[in-house]
Amino acid sequence: MELIEAIILAVLAASTPLLLAATGELVTERAGVLNLGVEGMMIVGAACGFGGAWLTGSIIIGALCGIVAGTLLSLVFAMMTLGLAVNQVATGLALTILGIGLSGLIGAGFVGERITPAPHLHLPVLTDIPLVGRILFGEDAFVYLSLALVVAVWLFLYRTRAGLVLRAVGDNHVSAHALGYPVLKIRMFAVMFGGACAGLAGAYLPLAYTPFFIPGMTAGRGWIALALVVFASWRPGRLVVGAYLFGAVTILQLHAQGWGVGIPSQFMSALPYLATVIVLVLISRARTGGSTAPAALGTVFVPDR
Amino acid sequence: MQLVLEKRAERSNTIALVSPLIAIGLTLVTMSILFAILGKNPVSALAAYFIAPLTDSYSLQEIAVKATPLVMIAIGLSLCYLANAWNIGAEGQFLIGAVAGSWLAVKTQGTGAGPWVLPVMLLLGAPAGALYALIPALCKVKFGASEILTSLMLVYVADLFLDYLVRGPWRDPAGFNFPTTAEFDPVATVPVLIEGGRLHLGAVIALVVVAAGAVLLGKTIKGFEIRVVGAAPRAARFGGFNSNQLVLLTFAISGALAGMAGIIEVAGPVGHLQPGISPGYGFTAIIVAFLGRLNPVGILIAGLFLALTFIGGEQAQIAMKIPLDVTKVFQGILLFYVLACDSLILYRFRLIFASRQVA
Amino acid sequence: MLDSTPAAPHTGATPLLQTIGLTKRYGDFLANENIDIDIWPQQIHALLGENGAGKSTLVKTVYGLIQPSDGEMRWLGEKMVLSGPSEARARGIGMVFQHFSLFDNLTVAENVALGLAGKESFKDMSARLEQVSNVYGLPLDPRREVWQLSVGERQRIEIVRALMQNPKFLILDEPTAVLTPQEADQLFVVLERLKAEGRAILYISHKLEEVKRLCDTATILRGGKKVSTCNPREETAASLARMMVGADIKQVKAPASRQTTVPRLVVNDLGLEPDDPHGVRLEHISFELKGGEILGIAGVAGNGQDELFAALSGERLAKDPGTVVIEGIAAGHLSITKRRKLGAAFVPEERLGHGTAPRMKLSENALLTGHAASGMVQHGFVNTVATLKTVDRATEAFDVRKAKRDPEAASLSGGNLQKFIVGREILRNPTVLVVSQPTWGVDAGAAAVIRQALLDLAAAGAAVLVTSQDLDELAEIADRIAVMFHGHLSEPLKTADASREKLGLLMGGSSLEPTEAAHAVGA
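Heads up: the protein sequence lines correspond to chains A, B and C, in order. Mapping of the first sequence onto numbering that gives the first Met the number 0: position 235 corresponds to residue 234, and the numbering continues sequentially without gaps. Mapping of the second sequence onto numbering that gives the first Met the number 0: position 82 corresponds to residue 81, and the numbering continues sequentially without gaps. Mapping of the third sequence onto numbering that gives the first Met the number 0: position 126 corresponds to residue 125, and the numbering continues sequentially without gaps.
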């Protein structure tokens, strides 16, 4: 029982950065923009987030720093792809490379430092309920925030007019422009939201997951978040399922290494990456008419006047 | 009043020539600002990066040594990108090629085998890289899975595989438990061209690859097919060109070149197999490919230029304690500026004077 | 019902909308030059002109999508400057575009909501949508997703969306281009009703008979300028055409009778599943095309013409090789390259992106379809002398106007690019030519050149298949005409027997009366 509870808590923690980053990218892609720079934005968010928290002693300031960092980087991406009609794939890759470099520079001063990690919730009776208490009521703010964010995004996309407009822009930017909607502006906000989420996701790692910063600590999570959006067929509900599945795979392989299963540790560590490939293949095969990518995803839009 | 972007009727050749220079200029300015923020003298820093490595023969050779894998991989990547097939996994293909060739080196270690060892090693590296690259290519062609994500995931897998081999079955027993194979025998090592430096045969091979790439893209029908499939897929289909085949072909060539670069690097400058044989060549090669505008000669120049920044970065760290990460930042910024300036080849800006409200 | 009927017409005094000296410049190019036009309520006003005359630019300006370079607009006598379409809509100007602004993966209700200002709740809007659509005889189900609807149904969304804003002034841009003659009649009923309600309508078209039937007054544009305003009912189609084009168009000369030879293209019971969910399934298509004759395929866009082209060209392969027979050889399983080697050539509907790679040079585009034969490729290497020679020959034979010897395809005008595309195929002396929409969006001069080229090719013994939405064009050049509807091909009628009524019925999916069918088939 204890072990199961521990595993579930670990899965929650491992899935949270994936869920945060993927939710942001989902909104970006629903607006028709493919931002491959998630890994870069996340890792800069990690460096700035840790730096902010270490310098001020406040987790909240750290989180805000991470958000701002991710948003600023995403703005660069937006200027290039929306303002200059540069190829989105190339720009996203450049963003990742730049982000990794920047985070190394910024984080250099913080390596080896420690902070007090984000506090966990503790409600008087509820948290002590056996098994579910800590899971439902004993996690840190980021976990709850990530779930609230998904719900908010779902409501936004499907229950508000602004969300409808965003979905329309991702479906057919030519029609949206003809109807008078500011396609580039809407996409810019979507990209910035994606950047903010990626920055927050990155900040989560040194602020709550492990209370220190190492260069490269995102270890490809940004790329997995991109795969998750595809896996979820661009729908928020399925995104939660995907994120937690992936968290589970990551945690289980770690535990399996500890159980002395006869397989070399590197193979176990490779499992999440191999799983991503398999999932991508399966989900792409299964696709039929309904749940396809936003039709305008990745295409360049230059309005004529 | 608004600044808007509009498409040009025809691509601007003047901008095409001038844009890389503008991009480099802008990058130097940005880097100067960055150096100033870091508290370093911008002029000396730039000199350490770009001038110092050009002043002695050893550094010049090192530039060529660093450029060799970059150029080889980038030529392969350019074929993929021209065909709109995004191979991001060159780093993994590089590692797998290195592993495949090293297998022979390890197997024949100390057995007094003949000079056939090195050529066979090179011949093992290329197909291994090609096969590894075909995995994401097949996933794309047969299942429609994003080759960007699959090829990238496989980089992590290759990295872990290499790690396993050098810590486990291939570890040098006499190596004090360091994760590395034993030093390769001379028959398993790429010969050096000039005494006293590390410039090796691989550089010549890289030049051959550049020439081959130029001929392929510029003069052959296959090169034309690759270019059309990326530029206008429906027209390519109309022309009778099979885009699936071309995806597989470009990935295979790209993987082969990356794999060959991998084994050349291991059997040459490094001399043994260990984790970290690649300081991110597969990713830097992406920058080289774009910097070189997906053109073989451009890639050669871009590869040398970026190699210069690597060597310069090392020198700047020694001379002025500038962190190595600055090199990465520089490369990322340079790529941004190149992409931005290149956009002006196809588009131009126009000031319009009537305001336009949102709906 | 709509909330209120528009205000009573201002007879005599001020027009509803007035443009004075309206001009739009794109660089050196004048899309509209000094246009004065008056729109009165309770009138259907035609805007005539051929492709490229400036009609679309003018109405986009009136709708606020484009800002004029010069001149002004007046609404009810007062100067009007529009910041965007929403302000136009707020004033009571509605527009139904030729190319729909719809979102395939959203529902009808969502599509309509996006075209409205959003002041009412989604639920209320949905209910009102259903109401309005029924009242005007354009029924719509708010919950269906647009990709499932036919072209005529999609246009209904556009019209209902415009009507829901109770416009005083409604602009329709080439509305019947995508409708069958019967659907067009239904549309006219709706427009008459709107006119009776006191609204003003601006009707853009290049179909002269339609304009004479429906419109009270007509303004004719040519080359960006206004040529005249007249009463179309007092003009003949010929006089209107003359004003539109400026000169009598050279009559296309068809040889008195064409000798037909052997069957060059035979299609046997061709069936094909659509490539994508929005496509049309081909069913039991059969026809025989002999050398020396031109077979026309009429039909509203979206009835399988694209799929048929892909099946004939080899861009999509058939399961049974015998379904497509070229020069007596079963070719259903052959690639497009192999079909070209058999002597077939193809001209697709879309010039840029399908027929040519837009950002590549003409010589490279010549290589695109010529690489299989004609000496352009030797041992895997490209012979640039040969490709350039093809460009030169096509330029000369088909009068292709371009800025330099070997420009990018995208820099040519529509007509000139089409002449090049048709030229490069004809220069290979094909024995079978399959052409889709040969003169769509092409200026009259180029259209004449192209049609003559097709006739000459047939006269030389080739079999030519022409798919076109322009019934006049088919009447001019085709020996027989068949109609595509929902993936089926009708029995071809001899052109002389193919009246517009018969074709209209077939295009709408009805079958001919037994007596008529008997007359048609006995060819």
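By construction, these hints were calculated from the structure, which means they are not laboratory data. All C-beta atoms, glycine included, are put in the ideal place defined by N, C-alpha and C. Please note: incorrect hints may appear among the correct ones.
Within a straight-line C-alpha distance of at most 30 Å, the following computed DSBU-like cross-link-like pairs (lysine-lysine) qualify [stated by the list, open to error]:
no., chain 1, residue 1, chain 2, residue 2
1, C, Lys194, C, Lys206
2, C, Lys360, C, Lys318
3, A, Lys184, C, Lys118
4, C, Lys289, C, Lys493
5, C, Lys340, C, Lys289
6, A, Lys184, C, Lys122
7, B, Lys6, C, Lys122
8, B, Lys6, C, Lys118
Computed spacing ranges between beta-carbons, pair by pair [to be verified]:
no., chain 1, residue 1, chain 2, residue 2, range
9, B, Arg233, C, Gln147, 48 to 56 Å
10, C, Pro273, B, Lys141, 35 to 43 Å
11, B, Pro278, A, Thr209, 20 to 28 Å
12, B, Lys141, A, Met78, 36 to 44 Å
13, C, Ile19, B, Asn243, 56 to 64 Å
14, C, Arg90, B, Arg233, 40 to 48 Å
We went through each hint and held it up to the structure:
A C-alpha spacing of about 20 Å is found between C:Lys194 and C:Lys206, which places the hinted pair at or below 30 Å, so the restraint holds. Note on C:Lys360 and C:Lys318: the hinted pairing is violated, with a Cα-Cα distance of about 36 Å set against a maximum of 30 Å. For the hint linking A:Lys184 to C:Lys118, the alpha-carbon distance of about 22 Å falls within 30 Å, and the restraint holds. Pair hint C:Lys289 plus C:Lys493 holds up; C-alpha atoms about 14 Å apart against a cutoff of 30 Å.
Under the criterion of a C-alpha separation no larger than 30 Å, the hint pairing C:Lys340 with C:Lys289 is consistent with the structure, at around 19 Å. As the CA atoms of A:Lys184 and C:Lys122 are separated by approximately 28 Å, the hinted pair is consistent with the 30 Å bound. Taking the CA atoms of B:Lys6 and C:Lys122, the gap is near 41 Å; set against the 30 Å cutoff, the hint is violated. For the given pair, B:Lys6 sits about 36 Å from C:Lys118 by alpha-carbon distance, which is inconsistent with the 30 Å threshold.
Between B:Arg233 and C:Gln147, the C-beta spacing of about 24 Å breaks the proposed range 48 to 56 Å. Distance hint for C:Pro273 and B:Lys141: a CB-CB separation of about 21 Å, inconsistent with the stated range 35 to 43 Å. For B:Pro278 and A:Thr209, the Cβ-Cβ distance of about 25 Å falls inside the hinted range of 20 to 28 Å, so the restraint holds. About 37 Å separates the C-beta atoms of B:Lys141 and A:Met78, a value consistent with the hinted range of 36 to 44 Å.
The given range of 56 to 64 Å is respected by C:Ile19 and B:Asn243, whose C-beta atoms sit roughly 58 Å from each other. Take C:Arg90 and B:Arg233: their Cβ atoms lie about 41 Å apart, and the range 40 to 48 Å holds.
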